[in-house]
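Trainee: All chains should be built: construct the whole structure from the sequences, respecting the hints.
Chains S and R, in that order, give the protein sequences.
Those letters in the first sequence? Residues 0 to 274, by numbering that gives the first Met the number 0.
Those letters in the second sequence? Residues 0 to 585, by numbering that gives the first Met the number 0.
None of these hints come from the bench; they were simulated from the model.
C-beta atoms are modelled at their ideal positions from N, C-alpha and C, and glycine is treated no differently.
Please note that the accuracy of each hint is not assured.
[What the hints assert, rightly or not] Pairs of lysine to aspartate or glutamate residues, derived as EDC-like cross-links and limited to a Cα-Cα distance of at most 20 Å, are as follows: (1) R:440 with S:9; (2) R:300 with S:98; (3) R:515 with R:436; (4) R:440 with S:8; (5) R:515 with R:531; (6) R:300 with S:93; (7) R:249 with S:158; (8) S:49 with S:196.
[To be verified] A short, non-exhaustive set of chain R residues, derived as facing chain S with CB atoms under 10 Å: (9) 294; (10) 296; (11) 329; (12) 339; (13) 344; (14) 363; (15) 389; (16) 391; (17) 456.
[Claimed, not checked] Listed next, with one range per pair, are the computed distances between beta-carbon atoms: (18) S:67 with R:508: 36 to 44 Å; (19) S:173 with R:329: 37 to 45 Å; (20) R:216 with S:99: 29 to 37 Å; (21) R:133 with S:126: 49 to 57 Å; (22) R:500 with S:126: 53 to 61 Å; (23) S:57 with R:235: 46 to 54 Å; (24) S:126 with R:487: 42 to 50 Å.
The primary structure of each chain is shown beneath.
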Amino acid sequence: MPPQGEVRDERQAGLWAGILVLFILVAGVVSFVIARSQWWLQPLASVQGKVIDEYFDWILYATAIGFVAVHLFLAAALIRFAARGGERAAHWHEHLGAELTWTLVPGAAFVILGILGVFTWSGIYSAPPSNAEVVEVTGKQFFWYIRYPGQDGRFARTDPRLISQSNPLGMDPADPAARTNVVLVNELHMVTGRPVEIRVRSLDVIHSFFLPNFRVKQDAVPGRTVGIWFTPDQPGTYSIACAQLCGTGHYTMRGNVTVESQAAFDTWLQQQAAQ
Amino acid sequence: MDTAVAHETHAGDHPESFIRHYLFSLDHKTIGKQYYFVTLFMALVGGSLAMLMRAHLGWPDRGILDPSTYLAAATMHGTVMIFFFLTSILTGAFGNFLIPLMIGAPDMAFPFLNMLSFWTFVPSVLVLLASFFVPGGPAGNGWTSYAPLSAVPAASPGSGLGQTLWVVAIFILMTSSLFGSLNFLTTIINMRAPGLSLGRLPLAIWGIFITAILALLSFPVLMAALAMLFLDRVAGTSFFVPAGLLIGGKLTPHSGGEALLWQHLFWFFGHPEVYILILTPMGIVSEIISTFSRKPIFGYKAMVLSLASIGFLSFLVWGHHMFVSGMNPILGATFTISTMIIAIPSAIKTFNWLTTLWQGRIRFTTALLFAVGFVSLFVTGGLSGIFLAASPVDIYLHDTYFVVAHFHFVMASAALFSIFAGTYFWFPKMFGRMMNERLGKIHFVLTFLGIYGTFYPMHFLGTHGMSRRLYTPNFYPFLGSVQPLDVFVSISAFVLGAAQFIFIANFFWSMLRGPKAERNPWQSNTLEWTADSPPPHGNWPQTPVVYRWPYDYAVPGAPEDYIPQTVPTAPAYAGRHGGGDAGGAA
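Mentor: See below:
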């Protein structure tokens with residue numbers, strides 16, 4: 000540091016610092032624009048997902064404005080207020096009006112975003128409609144077992160002590176529903192436009208049942224069954240992914256989802272039951 | 000009490016052996032440096048693990064790591080960086096070194112406890128490092144170590160002896176940390192120099208002070224969880240393991256446990272922990288921005304209130320890590336609201352830093368550059384947090400790389416930048432020499448660009464739906480296009496990693512051969528700059544007396560553009576607040 004009273008000129012340093020910040024700003028925006036077309040949210044295939052995506056977009060607008068505004072301001076401050084000559088800084092260090100404004104305005108924005116979130120969340124976690132197709136999904140290292148009930152809608156009682164190669168969920172043979180339940184590995188079918196209620200469980204450790212296209216995720220926790228529901232509305236094939244580290248095979252826990260017409264679904268289910 | 004402490008640590012009275020003087024020193028400055036060197040080493044360990052991860056993830060088909068090694072690297076990277084680098088350097092190195100010097104005390108309230116805290120820290124490091132060499136290797140269940148995966152040894156190769164050692168190492172580390180926090184609180188409350196009211200306390204000390212409170216309240220919760228996990232693993236208890244689990248083809252003998260209990264306990268600690276990792280950095284950055292803007296920090300009262308409210312609120316938001324965990328959905332609503340609210344004081348602080356720079360006369364030292372970099376990184380990370388706070392959006396983003404991007408910005412990078420800023424700033428006081436500014440600036444530019452290049456693209460891996468802790472994305476057809484992103488991230492990471500050698504070289508060369516530092520090379524106001532560089536045992540021949548707050552810069556009418564806290568007030572240049580403080584004596 001040069002001794003006091005000596006002229007210092009930091010304007011060049013300030014310019015470079017400001018340019019660096021502006022570079023980050025530009026790179027951040029440009030990479031976002033590229034990512035929007037290449038690496039964005041998976042194609043949407045559910046009704047509830049629409050509300051989630053809209054909410055996501057509102058947050059995106061707010062945060063984009065924040066990111067740009069802060070970096071512009073920062074760059075401007077660095078360039079404009081580099082030290083030069085013996086001039087002194089301004090001495091002010093409080094301003095009630097400014098402080099109230101930037102407390103209340105972001106505060107209001109955050110609270111509004113929070114309340115929007117609460118409403119959306121309650122919709123997602125509302126009770127499933129009565130016409131929902133009920134399916135059970137059980138995570139296990141490193142597969143997804145999918146179980147459909149029979150016509151009577153009943154799931155057979157299970158007991159882990161009964162688990163075997165041919166009875167991977169340990170269904171109790173004494174339970175008549177065991178004969179009509181259909182158990183599949185890594186394959187989930189749903190009907191376009193029909194709500195589906197999924198009961199998520201685990202046989203061993205915590206997994207997480209993630210359907211990216213439907214904006215659905217629910218941890219599969221041993222010792223409890225958690226019900227979620229949604230309505231798939233785009234026919235097609237999609238993936239199930241595991242979203243909670245569950246051991247060395249975590250990266251292989253992929254499943255397939257098919258959304259199809261009621262007729263195609265019925266045919267498929269009958270074929271599975273026959274096997 | 001002053002004299003008694005000074006006597007205990009005054010080396011001139013009785014010549015000490017090398018071992019007592021350096022190894023088991025009671026001097027807070029030596030202890031601070033000891034922490035610095037050990038945590039710097041752990042940063043290199045954690046950073047190397049990251050380089051290993053990125054070498055694999057850029058080109059996963061090459062298979063340079065197998066799945067369990069990859070998971071071990073990821074787990075230990077997080078564990079080392081969070082516990083043994085960031086937490087320990089901020090409190091152990093900066094807290095220890097700065098507190099007595101910035102409050103005008105000759106040393107900590109309990110110098111022996113301070114020494115004990117370091118020498119409890121070292122065994123925790125050794126136990127953790129030992130876990131790399133045991134059969135089965137180190138823990139591989141993430142730094143979050145969710146049960147039952149971590150509670151049942153048969154559940155994964157990464158759940159073996161290494162996981163037990165992980166539990167033990169962190170338990171010991173927590174103990175060492177609690178000793179430190181007790182010391183910090185006592186010292187700050189009881190040993191401030193005459194005239195140093197709480198309203199004149201530097202923000203760096205406020206940050207450390209509130210951090211210590213958070214640590215005392217949250218670390219015991221983790222310790223309880225760790226004890227329970229230890230017992231589940233070795234003593235047949237079932238805190239976290241329900242009945243009827245089929246693991247490794249066998250039914251586990253446990254019953255009655257609750258898997259979610261681990262998460263509640265862990266995150267009740269975990270959320271305050273991440274604020275522990277940001278409050279001290281915020282304080283450090285406030286000192287540095289004010290000093291090098293030659294301008295008082297804007298909104299001192301709001302800054303203190305924000306630190307305190309962030310600290311308080313940090314205990315009310317832990318459930319945002321558990322939105323899809325299976326806990327009661329009502330909590331999904333309450334934790335969204337509390338998490339949105341905690342963003343408000345952070346925003347206030349950001350505006351205050353920006354306003355401090357505005358109409359300042361900025362000196363672009365390396366320390367200032369890193370402090371400004373902190374503001375950018377903290378803002379980027381804080382903004383991504385809003386997506387995650389919104390529980391419906393978190394359904395999609397939870398446990399994806401979006402989360403990884405968020406915490407690497409707001410925790411890892413921001414804290415790291417404050418550590419660099421603080422190092423360049425206080426190096427003259429620690430070692431009596433100056434670091435090389437030219438190398439510092441090169442280090443800054445490469446690190447700033449490298450960090451954005453490494454972590455910004457991870458937001459897009461997350462929006463695209465890529466889960467965390469994946470050995471490879473190639474099993475998922477919907478992730479077929481992510482390779483170019485992963486390669487870009489990996490190359491940026493290598494640049495980032497390589498740039499740190501510039502810092503290491505500068506740091507050690509300067510320590511041994513750097514130009515000698517004067518007492519107050521930065522013309523800063525706080526008390527440490529009135530002590531010698533480096534200060535002797537006891538810091539000052541006589542306890543300093545404080546007449547004003549730390550931010551009397553650019554005071555109209557004053558002979559210089561800064562007025563240290565020890566300069567008595569006079570009518571001609573009494574600063575805006577007459578008595579030279581921000582109001583409020585305590």
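Trainee: For every hint, state whether the structure bears it out.
Mentor: Hints, one by one, checked against the model:
1. R:440 with S:9: Measuring from Cα to Cα gives roughly 14 Å; hence the hint holds.
2. R:300 with S:98: Within the cut-off at roughly 11 Å; holds.
3. R:515 with R:436: holds, 14 Å
4. R:440 with S:8: holds, 17 Å
5. R:515 with R:531: holds, 12 Å
6. R:300 with S:93: holds, 9 Å
7. R:249 with S:158: holds, 13 Å
8. S:49 with S:196: holds, 18 Å
9. 294: holds, 4 Å
10. 296: Holds - the Cβ of residue 296 of chain R comes within 10 Å of chain S, reaching about 7 Å at its closest.
11. 329: holds, 9 Å
12. 339: At 4 Å from the nearest chain S Cβ, residue 339 of chain R passes the 10 Å test, so the hint holds.
13. 344: Cβ of residue 344 of chain R sits 9 Å from chain S, so the hint holds.
14. 363: It holds, given that the least Cβ distance between residue 363 of chain R and chain S is near 4 Å, below 10 Å.
15. 389: holds, 4 Å
16. 391: holds, 4 Å
17. 456: holds, 7 Å
18. S:67 with R:508: 36 to 44 Å: For residue 67 of chain S and residue 508 of chain R the Cβ distance comes to about 40 Å; the hint holds.
19. S:173 with R:329: 37 to 45 Å: Because 38 Å falls inside the window, the suggested range holds.
20. R:216 with S:99: 29 to 37 Å: With a Cβ separation near 31 Å, residue 216 of chain R and residue 99 of chain S satisfy 29 to 37 Å, so the hint holds.
21. R:133 with S:126: 49 to 57 Å: Because 50 Å falls inside the window, the suggested range holds.
22. R:500 with S:126: 53 to 61 Å: Given a distance of about 59 Å, which is inside 53 to 61 Å, the answer is holds.
23. S:57 with R:235: 46 to 54 Å: holds, 51 Å
24. S:126 with R:487: 42 to 50 Å: Given a distance of about 45 Å, which is inside 42 to 50 Å, the answer is holds.
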